[in-house]
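Asker: My request is simple: use the sequences and hints to build the entire structure.
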Amino acid sequence: MKNNRTIFQVDAFTDEPFKGNPAGVMIVTEEVSSEWMQNVAAEMNLSETAFVFPGEKEFEIRYFTPTIEVPLCGHATLASSHIIYELGLKSANETIKLRAKGADLIIKKEDDWIVMDFPEYPIQKTDMHKDFKRLVGFEPIEMYSSIYDWVIAIAKNENDILNARPDFGLLTENGLGHLMITAESDSNQADIVVRCFAPMGGINEDPVTGSAHCALTPLWSEKLGKSELDSLQLSKRTGRMKVKLNNGRVEIKGKALTVFEAKLKI
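The sequence shown: position 58 = 58 (my numbering), numbered continuously.
FYI, nobody ran anything at the bench for these hints, they're computed from the structure. Only a predicted model underlies this, so the values are computations on that prediction, with no experimental measurement involved. Ideal Cβ positions, reconstructed from N, Cα and C, are used throughout, including at glycine.
Label pairs and their in silico Cβ distance ranges: (1) S33 x E110: 34 to 44 Å; (2) E184 x E110: 22 to 32 Å; (3) L264 x P122: 37 to 47 Å; (4) S187 x E110: 22 to 32 Å; (5) N159 x E35: 36 to 46 Å; (6) N39 x Q189: 37 to 47 Å; (7) N246 x E43: 34 to 44 Å; (8) R249 x P54: 17 to 27 Å; (9) Q189 x K133: 25 to 35 Å; (10) K101 x T126: 23 to 33 Å.
DSS-like cross-link-like pairs, simulated, lysine-lysine; straight-line CA separation at most 27 Å: (11) K90 x K255; (12) K125 x K242; (13) K242 x K253; (14) K133 x K156; (15) K226 x K253; (16) K101 x K57; (17) K156 x K223; (18) K242 x K101; (19) K19 x K244; (20) K101 x K244; (21) K263 x K90; (22) K223 x K242; (23) K133 x K236; (24) K226 x K156; (25) K19 x K263.
Answerer: Structure, rendered in structure tokens:
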């Protein structure tokens, strides 16, 4: 087993290098402090770096942005599961049990796909934000709120999502520091499109956001009348996933590949 001096970088929600969302992953076999993990995450300067602690029957996992610890992260979970399988800590026919601060997660492998079982996030319709167009660049048709301070804005078309130009400093000042913008896809590439901004957590734009679909999946499943959806994230790197609503849970399916591994010298 690799010790906690080895760090991997994995591109998640893609099967192409330099696409999807890069995450750092460390398999930690020695005692480390939260401050040390935060410093490593700041050094990596990725949306998230995950630290995985193997146990007898399950793994503990913690996620850090460059500035804060977060309770749950989809792409870093996918990246970590990919590394667990790649290192042979679990075989391809075994499930992975992860204990995160935000949820207990069950992961399995289906051919080249990794399937993650996440909790469904509650959503509640809210009033329109009076300055939204000035702050983001389009007028939403509906707005919702969810847990972890997420705000969801639905656009009338895919073009609004693609062309949005948020003012990140003003987002945080105006209660939009964790913002998902989403629309029904205008093409046959996907069912829905999305972009996610989290300047409050030190991430201006997250390239691909698995955990956002804990809220987006129930929202769009009801609107489109289907429980299974293909999602395309329209960030510069882009990324894809398949999601499924399943009895109060959300199944998030994606691919990943390892870009590099490195040894820490500290």
